[in-house]
Amino acid sequence: MAKEVTLDCMGEACPVPLIKTENALKKLALGDVLVVQIDHSCAMKNVPEWARKEGHNVEIEEVDDGEWEVFIEKTK
Amino acid sequence: MDIKNNKFYQMWFKNAWTYVAGAVLLSLFQIVTLATTNDPWGVSGPFTNWGAWLYRAIGGSVDKWYYFSSKGAQATLAGGFLKDPGSIRNLGVIVGALLAALLASQFKFKKIKSLKQVVAAILGGLLMGYGARIAAGCNIGALYSGIASLSLSGWVFAVFLFLGAMVGSKLLVKYFM
Amino acid sequence: MAESSTSIRTSSRARTGTKKKKANQLPFGVILFTGMIAFGIYLATISAKLALFWILGGCFGFILQKSRFCFTASMRDPYLTGSTSVTRAVLIAFAVTTIGFTAIKYGAYIKGLPIPGQGYIAPISLATVVGAFMFGIGMVIAGGCASGTLMRVGEGFGMQILSLFFFVIGSLWGAHDYGWWKLNFMITGKKIFLPDILGWGGAVAVQLLVIAVLYIAADKWENRKLNADEND
Chain A
0 MAKEVTLDCM GEACPVPLIK TENALKKLAL GDVLVVQIDH SCAMKNVPEW ARKEGHNVEI
60 EEVDDGEWEV FIEKTK
Chain B
0 MDIKNNKFYQ MWFKNAWTYV AGAVLLSLFQ IVTLATTNDP WGVSGPFTNW GAWLYRAIGG
60 SVDKWYYFSS KGAQATLAGG FLKDPGSIRN LGVIVGALLA ALLASQFKFK KIKSLKQVVA
120 AILGGLLMGY GARIAAGCNI GALYSGIASL SLSGWVFAVF LFLGAMVGSK LLVKYFM
Chain C
0 MAESSTSIRT SSRARTGTKK KKANQLPFGV ILFTGMIAFG IYLATISAKL ALFWILGGCF
60 GFILQKSRFC FTASMRDPYL TGSTSVTRAV LIAFAVTTIG FTAIKYGAYI KGLPIPGQGY
120 IAPISLATVV GAFMFGIGMV IAGGCASGTL MRVGEGFGMQ ILSLFFFVIG SLWGAHDYGW
180 WKLNFMITGK KIFLPDILGW GGAVAVQLLV IAVLYIAADK WENRKLNADE ND
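So the protein lines, in turn, are chains A, B and C.
Residue 37 in numbering that gives the first Met the number 0 is what sits at position 38 of the first sequence, and the numbering runs on without skipping anything.
Residue 137 in numbering that gives the first Met the number 0 is what sits at position 138 of the second sequence, and the numbering runs on without skipping anything.
Residue 171 in numbering that gives the first Met the number 0 is what sits at position 172 of the third sequence, and the numbering runs on without skipping anything.
It cannot be assumed that every hint is accurate.
[As the list claims (entries may be wrong)] Below, in silico cross-link-like pairs of lysine-lysine (DSSO-like), each with a Cα-Cα straight-line distance of 30 Å or less:
{"id": "1", "chain 1": "C", "residue 1": "K219", "chain 2": "B", "residue 2": "K82"}
{"id": "2", "chain 1": "A", "residue 1": "K26", "chain 2": "B", "residue 2": "K112"}
{"id": "3", "chain 1": "A", "residue 1": "K25", "chain 2": "C", "residue 2": "K219"}
{"id": "4", "chain 1": "C", "residue 1": "K189", "chain 2": "A", "residue 2": "K26"}
{"id": "5", "chain 1": "C", "residue 1": "K48", "chain 2": "B", "residue 2": "K70"}
{"id": "6", "chain 1": "A", "residue 1": "K19", "chain 2": "B", "residue 2": "K110"}
{"id": "7", "chain 1": "B", "residue 1": "K169", "chain 2": "A", "residue 2": "K25"}
{"id": "8", "chain 1": "B", "residue 1": "K112", "chain 2": "A", "residue 2": "K25"}
{"id": "9", "chain 1": "A", "residue 1": "K25", "chain 2": "B", "residue 2": "K115"}
{"id": "10", "chain 1": "C", "residue 1": "K181", "chain 2": "B", "residue 2": "K82"}
{"id": "11", "chain 1": "B", "residue 1": "K169", "chain 2": "C", "residue 2": "K219"}
{"id": "12", "chain 1": "B", "residue 1": "K173", "chain 2": "C", "residue 2": "K219"}
{"id": "13", "chain 1": "B", "residue 1": "K173", "chain 2": "A", "residue 2": "K26"}
{"id": "14", "chain 1": "A", "residue 1": "K75", "chain 2": "B", "residue 2": "K169"}
{"id": "15", "chain 1": "B", "residue 1": "K63", "chain 2": "C", "residue 2": "K190"}
{"id": "16", "chain 1": "B", "residue 1": "K110", "chain 2": "B", "residue 2": "K63"}
{"id": "17", "chain 1": "A", "residue 1": "K2", "chain 2": "A", "residue 2": "K19"}
{"id": "18", "chain 1": "A", "residue 1": "K75", "chain 2": "A", "residue 2": "K52"}
{"id": "19", "chain 1": "B", "residue 1": "K70", "chain 2": "C", "residue 2": "K104"}
{"id": "20", "chain 1": "B", "residue 1": "K112", "chain 2": "A", "residue 2": "K19"}
{"id": "21", "chain 1": "A", "residue 1": "K19", "chain 2": "B", "residue 2": "K107"}
{"id": "22", "chain 1": "C", "residue 1": "K189", "chain 2": "B", "residue 2": "K82"}
{"id": "23", "chain 1": "B", "residue 1": "K169", "chain 2": "A", "residue 2": "K19"}
{"id": "24", "chain 1": "B", "residue 1": "K63", "chain 2": "C", "residue 2": "K48"}
{"id": "25", "chain 1": "B", "residue 1": "K63", "chain 2": "C", "residue 2": "K104"}
{"id": "26", "chain 1": "A", "residue 1": "K25", "chain 2": "B", "residue 2": "K173"}
{"id": "27", "chain 1": "B", "residue 1": "K6", "chain 2": "A", "residue 2": "K52"}
{"id": "28", "chain 1": "B", "residue 1": "K3", "chain 2": "B", "residue 2": "K110"}
{"id": "29", "chain 1": "B", "residue 1": "K70", "chain 2": "A", "residue 2": "K52"}
{"id": "30", "chain 1": "B", "residue 1": "K112", "chain 2": "A", "residue 2": "K2"}
{"id": "31", "chain 1": "A", "residue 1": "K19", "chain 2": "C", "residue 2": "K219"}
{"id": "32", "chain 1": "B", "residue 1": "K173", "chain 2": "B", "residue 2": "K112"}
{"id": "33", "chain 1": "B", "residue 1": "K169", "chain 2": "A", "residue 2": "K26"}
{"id": "34", "chain 1": "A", "residue 1": "K75", "chain 2": "C", "residue 2": "K219"}
[Stated by the list, open to error] To list a few chain C residues with every Cβ distance to chain B over 12 Å, as calculated:
{"id": "35", "residue": "Q24"}
{"id": "36", "residue": "I109"}
{"id": "37", "residue": "K110"}
{"id": "38", "residue": "G111"}
{"id": "39", "residue": "I215"}
{"id": "40", "residue": "K219"}
Honestly, the hints are just simulated from the structure, not real lab data.
Note that beta-carbon positions come from the ideal geometry of N, C-alpha and C, so glycine has one too.
Same shape as in the complex, but just chain A:
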């Protein structure tokens, strides 16, 4: 059963959201979804970019002014 894990990266400075995402994703099983919560404008670009490059399914949604949630489905 695919699980969903939330990673709170609010208020983190560059490039902490990306590093935390990489580490968190390693611990997930195939098919799990990592939800990264960010409020950093750089991260809303570099996190999806990295995850897509790694081959995962990525979607990003702006949930509030200056706040995003990046949904990463581990596919590899």
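Please build the complex by placing chains B and C on the supplied structure of chain A, with the hints as guidance.
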């Protein structure tokens, strides 16, 4: 008036631009800067003036310092923030970024989260300030403008900037995450 | 982005119903823009130069924020995350700006006019080396370089407001010690304007070649990591 769904608004104001688009546009404005102001873009120079003004405000004086000894430097200090082009430009960068965030409805005030961030900001800021002074510029003045001006100093700066960044990355992961 | 039934996303806010209505900062943006114009006009009454610098600064800030352009990332990511997309963009910026700058400088040169911007040809000495190294460490720790810090202050990052304040203090400290560095190192440093050594055409060609080589290397580096992961 449904602005948020307007394609033009989405493309130019809502969505992030690509890095390459940024590179090309920054280049354009760098070139315009050189053509119209006779000098390339620089950021860290005015910070010494800001420091001098703050220092004066608490009773200090930089008038005997070598760095501020030239007539030009003295005149800039005497003129104050509003009359210093470099300071105005830096203020413009801040406000321009704020404008971009507001027009995309993405502005949010992000409070400092931890003591680690405080230490990192203080240490990082001091290192950048001091480093930029003795290297005669920052990532814009010494690196970007230096290289684009065909100055070898820009490349030397680049090499050691890169090395410093590696050390900084190690420190960041070890102590500041 | 289309809402598909196979979408993996159901934002936590949508589920809890706390999703805020968006696009409500636009009016503030418009008000700020009007303020910027007004300030520009005011500056113009003092001098056209000030108004020009205000406009240029505003444009730089806007572009930096929209593209999330970050020199810090260009230097840090190849090492920290293996990504070189920003690095390559910075190289493109170097290349394009080099061409533009050289066109301007050469144009002045052949007309016998003073070449603009030559003040940025800095002497190379230990001060350059130490300063760049310090700056490199500082910018990664602080989460932003000089332009990046200004951009993030505009975006509302409290951490960068603090960083800026200490950047200013560090600058003053550096200015204080500047005389010492100048006397002991900078004064023996050489200012090397590449066209003086390689000629105008040669300098541009060599520089663009170096940039191209770095670009290819950066591209390979990013894909190398990907290939390494695939081979695990």
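Consistency of the hints with the structure:
1. C:K219 with B:K82: Violated, at about 47 Å.
2. A:K26 with B:K112: 25 Å, holds
3. A:K25 with C:K219: Cα-Cα ~24 Å, so holds.
4. C:K189 with A:K26: 53 Å, violated
5. C:K48 with B:K70: This hinted pair holds, its Cα atoms lying about 19 Å apart.
6. A:K19 with B:K110: Holds, at about 19 Å.
7. B:K169 with A:K25: With a Cα-Cα distance of about 20 Å, the restraint between K169 of chain B and K25 of chain A holds, given a limit of 30 Å.
8. B:K112 with A:K25: Holds - the C-alpha atoms of K25 of chain A and K112 of chain B are around 25 Å apart, at most 30 Å.
9. A:K25 with B:K115: Roughly 25 Å separates the two Cα atoms, so the pair holds.
10. C:K181 with B:K82: 28 Å, holds
11. B:K169 with C:K219: 23 Å, holds
12. B:K173 with C:K219: 28 Å, holds
13. B:K173 with A:K26: 20 Å, holds
14. A:K75 with B:K169: Judged against 30 Å, a Cα distance of about 28 Å means the pair holds.
15. B:K63 with C:K190: 27 Å, holds
16. B:K110 with B:K63: Violated: K110 of chain B and K63 of chain B sit about 39 Å apart, past 30 Å.
17. A:K2 with A:K19: 18 Å, holds
18. A:K75 with A:K52: 11 Å, holds
19. B:K70 with C:K104: 26 Å, holds
20. B:K112 with A:K19: Holds, at roughly 16 Å.
21. A:K19 with B:K107: 22 Å, holds
22. C:K189 with B:K82: Judged against 30 Å, a Cα distance of about 33 Å means the pair is violated.
23. B:K169 with A:K19: 15 Å, holds
24. B:K63 with C:K48: Answer holds: K63 of chain B to K48 of chain C is near 29 Å, not above 30 Å.
25. B:K63 with C:K104: 36 Å, violated
26. A:K25 with B:K173: 19 Å, holds
27. B:K6 with A:K52: 27 Å, holds
28. B:K3 with B:K110: Status holds; Cα separation ~28 Å.
29. B:K70 with A:K52: The given pair, whose Cα atoms are some 54 Å apart, is violated under the 30 Å limit.
30. B:K112 with A:K2: 29 Å, holds
31. A:K19 with C:K219: Roughly 25 Å separates the two Cα atoms, so the pair holds.
32. B:K173 with B:K112: Answer holds: K173 of chain B to K112 of chain B is near 18 Å, not above 30 Å.
33. B:K169 with A:K26: Cα-Cα ~22 Å, so holds.
34. A:K75 with C:K219: Judged against 30 Å, a Cα distance of about 22 Å means the pair holds.
35. Q24: 4 Å, violated
36. I109: Consistent with the label, I109 of chain C stays out of reach of chain B, its closest Cβ about 16 Å off (over 12 Å).
37. K110: 14 Å, holds
38. G111: 16 Å, holds
39. I215: 16 Å, holds
40. K219: 17 Å, holds
Hints 1, 4, 16, 22, 25, 29 and 35 from the list above are not met by this structure, while the remaining hints are.
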